[in-house]
Amino acid sequence: MRAAILIPVLTSKDAVGADALAMASILEDMGIETRVFCQSASGVERKTYPANQLPQFAGGPRDLVIYHFSTGWPAAIELLGRCRGYRIVKYHNITPPEFFSDISADYETACRNGRQEIASIATLGCELYLGASAYNLGELQKAGMPADRGGVLAPFHRVDEMAEAEGDVALIKQLTDGSRNFLMVGRVAPNKGHLALVDAFDAYVRGYSATARLIILGKIDPRLDRYTAAITGRIEALDLADRVLWIDAASEAQLKAAYLASHVFMLLSEHEGFCVPLIESMAVGTPIVAHASSAVPETLGDAGLIWEERDPWLYAASAARLFEDDALRAGMLERARLRYRQQFAIEVLRERFIGFLEPAL
Amino acid sequence: MNRLPQEKPLEVVRNEIRADAESARLRAPPRPARKPPQATSNTAPAAATQSRYSISELSHAPFPGFLEHAFQALLRRPPDPAGFDAQARLLAQGRSKIEVLGNLRWSPEGREIGVRVPWLLPRYLLAKCLRIPVLGYLLEWVVCLGGLPRIVQHQRAADIYHSVRLQEVLSAFRGLQAELAAARGDIARLDTDQQRLGVRLDDLNDRTSQLQAEIARVGADAHELRHLVLSMNHWLASLRKNLSALELAEADQARQADTLDADIAARMMALDTARPDRLGGWAGQVASLLPAGARVLDLCSGDDWLACLVGNGIEAIGIDTNTEVGARARAAGLSMAVAEPSEVLARTADRSLHGLTALDTGALLCEMPANSLLVAIRRVLLPGGLVVLGCGREPAGITARLRGRADVQLNAELIRQALLAAGFVDVRTLVASDGAVCLAARIGSLPE
Chain A
1 MRAAILIPVL TSKDAVGADA LAMASILEDM GIETRVFCQS ASGVERKTYP
51 ANQLPQFAGG PRDLVIYHFS TGWPAAIELL GRCRGYRIVK YHNITPPEFF
101 SDISADYETA CRNGRQEIAS IATLGCELYL GASAYNLGEL QKAGMPADRG
151 GVLAPFHRVD EMAEAEGDVA LIKQLTDGSR NFLMVGRVAP NKGHLALVDA
201 FDAYVRGYSA TARLIILGKI DPRLDRYTAA ITGRIEALDL ADRVLWIDAA
251 SEAQLKAAYL ASHVFMLLSE HEGFCVPLIE SMAVGTPIVA HASSAVPETL
301 GDAGLIWEER DPWLYAASAA RLFEDDALRA GMLERARLRY RQQFAIEVLR
351 ERFIGFLEPA L
Chain B
1 MNRLPQEKPL EVVRNEIRAD AESARLRAPP RPARKPPQAT SNTAPAAATQ
51 SRYSISELSH APFPGFLEHA FQALLRRPPD PAGFDAQARL LAQGRSKIEV
101 LGNLRWSPEG REIGVRVPWL LPRYLLAKCL RIPVLGYLLE WVVCLGGLPR
151 IVQHQRAADI YHSVRLQEVL SAFRGLQAEL AAARGDIARL DTDQQRLGVR
201 LDDLNDRTSQ LQAEIARVGA DAHELRHLVL SMNHWLASLR KNLSALELAE
251 ADQARQADTL DADIAARMMA LDTARPDRLG GWAGQVASLL PAGARVLDLC
301 SGDDWLACLV GNGIEAIGID TNTEVGARAR AAGLSMAVAE PSEVLARTAD
351 RSLHGLTALD TGALLCEMPA NSLLVAIRRV LLPGGLVVLG CGREPAGITA
401 RLRGRADVQL NAELIRQALL AAGFVDVRTL VASDGAVCLA ARIGSLPE
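As you go down the protein sequences, you meet chains A and B in turn.
Just so you know, the first sequence maps onto residues 1 to 361 in our numbering.
Just so you know, the second sequence maps onto residues 1 to 448 in our numbering.
In short, the hints are calculated from the structure, not lab data.
A couple of the hints might just be wrong.
What the hints assert, rightly or not - Listed next, the stretches of chain B that the computed footprint assigns to chain A, with coverage defined by at least 3 CB atoms under 8 Å from CB atoms of chain A:
(1) 73 to 81
(2) 103 to 117
(3) 284 to 292
(4) 417 to 431
Fair warning: this is a prediction, and the values are worked out from it, not measured in the lab.
The beta carbon of each residue, even a glycine, is placed where N, CA and C say it ideally should be.
Using the sequences provided together with the hints, build the complete structure.
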């Protein structure tokens with residue numbers, strides 16, 4: 001038996017790439033010869049193979065193919081159609097193109113193409129469809145996936161590596177100056193709700209007259225510079241420029257330092273297929289306040305304060321309450337740690353993944 | 001350790017947060033006038049350094065290396081999934097690499113970086129013109145027709161190039177065949193090794209099976225042992241329960257015997273009508289020989305004697321072996337403990353008493369030898385302390401005599417001589433109104 005991981009573009013730092021690489025490692029640990037096939041790879045030590053070579057390697061009836069579906073890629077449908085073995089589609093979700101209107105035509109096209117492929121993938125007849133969340137799986141079911149072929153498997157992540165990494169001491173020192181630190185982790189993209197986040201932060205500064213800092217940690221994409229400019233414009237219009245710290249392309253040490261030194265992780269994202277930073281916060285022990293959109297409620301569970309409304313004052317008041325109410329904060333953090341251990345720890349995900357593989361082994 | 005206060009129910013907390021949000025909204029100061037957005041910001045990514053590439057440098061690599069190299073050269077970053085997909089789709093539709101390079105170079109991001117690629121702009125514009133419907137098609141015809149001699153020249157060069165490459169491929173193929181033969185030999189050797197390893201693995205499996213059987217046997221023994229330990233525990237618990245029941249029965253019997261003895265003693269004392277006067281007389285004489293408030297220990301003389309001592313201003317504490325006698329004395333407000341006299345004497349501190357009385361000396365001597373008794377009395381008395389020893393049959397010792405331990409007729413002279421021999425001085429006889437006597441002596445130094 002051989003196993004192939006198929007992914008359009010492999011990078012080690014994004015959530016999809018980390019998930020794909022972790023699955024490859026687990027399959028190899030199980031003694032299965034495994035290769036990763038992609039169009040392009042960057043920042044990855046592992047050897048990768050051109051996607052068109054996949055059928056020669058793992059196209060047989062006893063082989064296993066896992067396709068990580070996160071963007072439009074017609075070649076993948078054609079490749080999966082040529083494989084005769086056990087085929088798994090791991091769906092990480094695709095951002096609706098409307099978010100990118102008037103911001104990036106390339107992104108809008110890529111996302112539209114990707115979402116148009118959902119129905120083709122869902123009705124391809126693969127043996128198993130895994131959603132990173134029940135929300136993702138629901139989209140596949142709506143598109144025609146047979147209900148009895150679906151399962152939910154949260155993405156493998158690099159939380160343990162982050163926890164073991166040394167934090168950036170200089171950054172921790174810079175951030176522990178008495179200010180209340182609000183943290184947002186995620187690439188700077190229009191579905192992530194940065195504008196609403198800035199409004200909520202502004203409400204806290206104005207309503208609670210407190211010294212506070214907003215840390216926006218995530219990759220700034222030059223192709224989304226209109227969105228980035230809109231955020232900076234909002235920050236400057238609200239006279240918050242000297243209270244906002246941007247950390248672009250953060251290292252693991254900086255990420256850990258930011259989580260450790262922050263008093264609240266605030267997420268006002270409008271679309272998430274899973275949201276790995278939520279479980280990073282749970283594991284490290286940063287209290288969470290979030291907007292209940294897409295897959296966020298099922299990832300967060302009872303481990304944070306979550307609101308349907310988008311009223312910025314509600315988020316500001318939630319942060320203020322968490323800062324002051326020791327019992328609430330301690331209860332939240334305990335539930336977060338428990339949820340991480342029981343639902344999202346690597347050992348748990350590994351067990352579930354192997355369970356899903358059983359019919360193919 | 002500080003304990004956190006109890007966490008409130010979440011719905012209560014949410015309602016309080018809603019109320020607080022409204023309150024914060026009302027109390028917030030009005031927003032200051034907005035500043036116009038400024039061009040400078042700490043958010044801007046670092047500018048890439050300027051560089052220069054030729055078209056051939058950028059386009060020589062085949063797909064997908066071509067796209068990765070183009071992104072790195074023109075945009076200073078690896079391709080993102082969306083960008084890569086967009087340009088890969090163009091190539092798949094038959095667009096030229098020139099058009100892809102132009103798309104990247106003259107994208108907003110590429111313009112900002114501004115990498116120089118000489119002659120790319122006219123060729124990019126030409127490529128774009130070729131996409132104009134009808135006109136572009138005709139233009140492409142003209143371009144291709146005009147370039148026909150160059151295409152033929154390229155074709156000839158390509159023939160030569162491919163011939164050379166074919167020779168190289170054939171040569172490489174032969175080399176691979178040789179390596180394949182060698183690899184087959186290696187595989188055959190590996191097969192042999194594998195078979196040998198298989199045999200060893202079988203041996204290991206056998207040994208593992210034996211060890212597992214041994215472990216199972218030890219496990220069964222441990223299970224049996226555990227069963228035995230549990231049985232033993234059960235047996236010990238039953239034994240402890242039975243012993244407790246026996247001890248309770250014995251204590252009950254002892255209590256009944258003490259009650260009977262105490263009743264007999266009380267009856268005997270009731271018959272002895274002269275006893276109150278006798279004891280009152282002795283107590284008055286003893287009190288006259290002791291300082292006011294003197295501490296005196298009495299050994300088994302009875303609660304009426306103790307009451308007489310207390311009535312004469314003496315701080316008296318009594319000892320008796322009968323629990324019922326002790327209980328009755330305590331009920332009458334006297335200090336009396338139930339214990340063996342020898343044990344009480346052994347635990348009493350040196351030189352701590354002004355006096356010691358024992359009217360039933362005979363019963364006492366049945367419990368401990370005279371020399372031990374006298375040495376103990378000397379130890380516990382203060383210098384000049386007084387000892388009073390009875391010389392008749394006092395009713396308080398009746399219970400002991402009922403048990404056959406103290407039916408002794410004491411000789412007063414014998415006791416006097418014993419006291420003198422033990423270093424007591426000033427031995428005097430205290431005579432009661434009925435003629436009964438007891439001896440009193442003070443502590444002195446032992447004879448040389």
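Consistency of the hints with the structure:
1. 73 to 81: Since 6 is at least three, the answer is holds.
2. 103 to 117: Holds: 4 residues of the segment 103 to 117 of chain B have a Cβ under 8 Å from chain A.
3. 284 to 292: That given contact is violated, which follows from only 0 residues of the segment 284 to 292 of chain B lying within Cβ reach (below 8 Å) of chain A.
4. 417 to 431: violated (count 0)
Hints 3 and 4 from the list above are not met by this structure, while the remaining hints are.
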